[in-house]
Every structure is written in structure tokens, then in C-alpha cells.
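Novice: Chains as they are written, first to last, in our numbering: chain A, 1 to 114; chain B, 1 to 114.
Errors might be hidden in some of the hints.
[What the hints assert, rightly or not] Here are the simulated lysine to aspartate or glutamate pairs, EDC-like style, with alpha carbons at most 16 angstroms apart: (1) Lys-106/B <-> Glu-1/A; (2) Lys-42/A <-> Asp-85/B; (3) Lys-83/A <-> Glu-68/A; (4) Lys-106/B <-> Glu-88/B; (5) Lys-57/A <-> Asp-71/A; (6) Lys-78/A <-> Asp-63/A.
Hints in this document: simulated from the structure, not taken from any laboratory.
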Amino acid sequence: EPEVTQTPSHQVTQMGQEVILRCVPISNHLYFYWYRQILGQKVEFLVSFYNNEISEKSEIFDDQFSVERPDGSNFTLKIRSTKLEDSAMYFCASSRQGGNQPQHFGDGTRLSIL
Amino acid sequence: AQSVTQLGSHVSVSEGALVLLRCNYSSSVPPYLFWYVQYPNQGLQLLLKYTSAATLVKGINGFEAEFKKSETSFHLTKPSAHMSDAAEYFCAVSGGGSNYKLTFGKGTLLTVNP
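Full structure from sequences and hints, please.
Specialist: See below:
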């Protein structure tokens with residue numbers, strides 16, 4: 001069964017550094033998402049992406065965050081200048097369509113900011 | 001705006017006993033509802049979804065959930081727990097229309113005792 005893959009599984013970065021989290025969504029899916037889960041807290045929506053543009057973003061997704069689909073297969077999340085509070089598990093998801101179509105999640109990237 | 005409340009952050013059952021994980025939602029539009037399961041060090045796996053076709057929804061691994069509009073609930077059940085069911089379970093709501101983001105509950109950790 002096709003799945004969403006995320007790399008790396010664990011990323012350790014110094015505060016203030018840029019980090020790029022990578023995702024390969026399921027190939028025939030059209031909608032892409034990033035979520036994060038801070039340790040001990042609920043999974044939170046960051047951003048959705050469709051037709052090569054952001055369709056919705058949360059308050060968390062400020063100017064330090066950006067997303068890109070550079071080559072038709074990868075979907076990346078960039079954090080420009082990381083803060084300690086960015087430490088979390090970041091999940092990529094994709095769905096064939098929006099609305100009632102289920103989102104399929106990757107195994108996540110654990111981001112640790114030192 | 002949507003929200004999800006999962007009653008009980010931790011539920012413990014004996015192997016073979018009934019599993020009942022509670023989820024109540026709030027949505028200003030007819031909701032799409034989902035249950036996801038997360039095994040240790042893995043991503044979120046879809047268990048089942050409600051999209052208004054039928055109020056009783058069957059999912060994978062013997063789980064099912066019933067949508068009750070009058071109670072704004074979508075509780076997850078399984079008649080007989082298995083050791084392999086031990087995991088964290090998340091209820092999520094999507095608002096439909098152009099609002100595709102998932103809003104998650106805080107999760108319920110299920111432990112199964114032999």
C-alpha cells in the first residue's frame with residue numbers, strides 16, 4: 001500500500017539555524033498538509049497546500065515557516081530561524097481530495113532544537 | 001470553528017474486555033469525523049471515518065464508531081480488546097467545504113492488561 005514518507009526521522013539543530021523537513025506524499029494525492037505535536041500536547045494543524053499554493057494556515061505558521069513542492073514529488077517544510085519552542089514531532093499528510101477524504105500521515109520527523 | 005474533546009487521557013482494559021473510547025465534537029457545519037491510531041514511534045494510521053453515509057462506521061482491526069448527532073458524539077468501540085490494540089487513539093474533525101484541516105483531540109492512551 002502506498003504511504004507517505006518523511007525524512008529525516010530525527011533532526012537535531014542549533015537554535016537560530018534553518019531546518020528543512022522533507023516529505024514524499026502519496027503519488028496521486030493532490031492535497032498536502034503539515035501538522036506538529038509538541039511532546040505531551042495534541043496534534044496541531046500548521047498548513048495545507050493545494051495546486052501549488054497555501055490554501056490555509058494556522059496562527060502557528062508565521063513568517064518563519066514556509067512550504068514548497070519543488071519538483072512534483074517532494075513537499076518540504078522550512079523553518080527559517082528555529083526557536084526552542086519549535087521542538088516537536090512534525091507530521092506530513094496527504095489526501096486525494098479535500099473534505100471527507102482521509103488524510104494519510106507519515107511517521108513524522110522529530111525536531112530537537114538545542 | 002471545530003473542536004474535539006476526548007474524555008479520559010488514559011483507559012486501561014483487560015484482554016478480551018470491551019473497549020470504549022469517548023469523543024465529543026463541536027462543529028458549526030456538518031462534520032467529517034475520523035479516528036486515528038498511533039503506535040509507538042509511528043505516524044497516525046486511519047482507523048475509520050464518518051462522512052454522513054451511515055451512522056455506524058466499521059473500521060480496521062475490529063473497531064467501530066457510532067455518530068450520534070443529538071449527543072455530538074463519535075465514540076470508538078471494540079467488543080474484545082487484544083494486546084496489540086495498546087496504542088494512542090486520536091479523534092479528529094474536519095469541517096467540510098473548503099475547510100480541510102483536521103482538528104484533533106488530545107488523545108487517549110489505551111493499555112491492555114493480560
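Novice: Check the structure against each numbered hint from earlier and tell me which ones fail, lowest number first.
Specialist: 1, 2, 3 and 5
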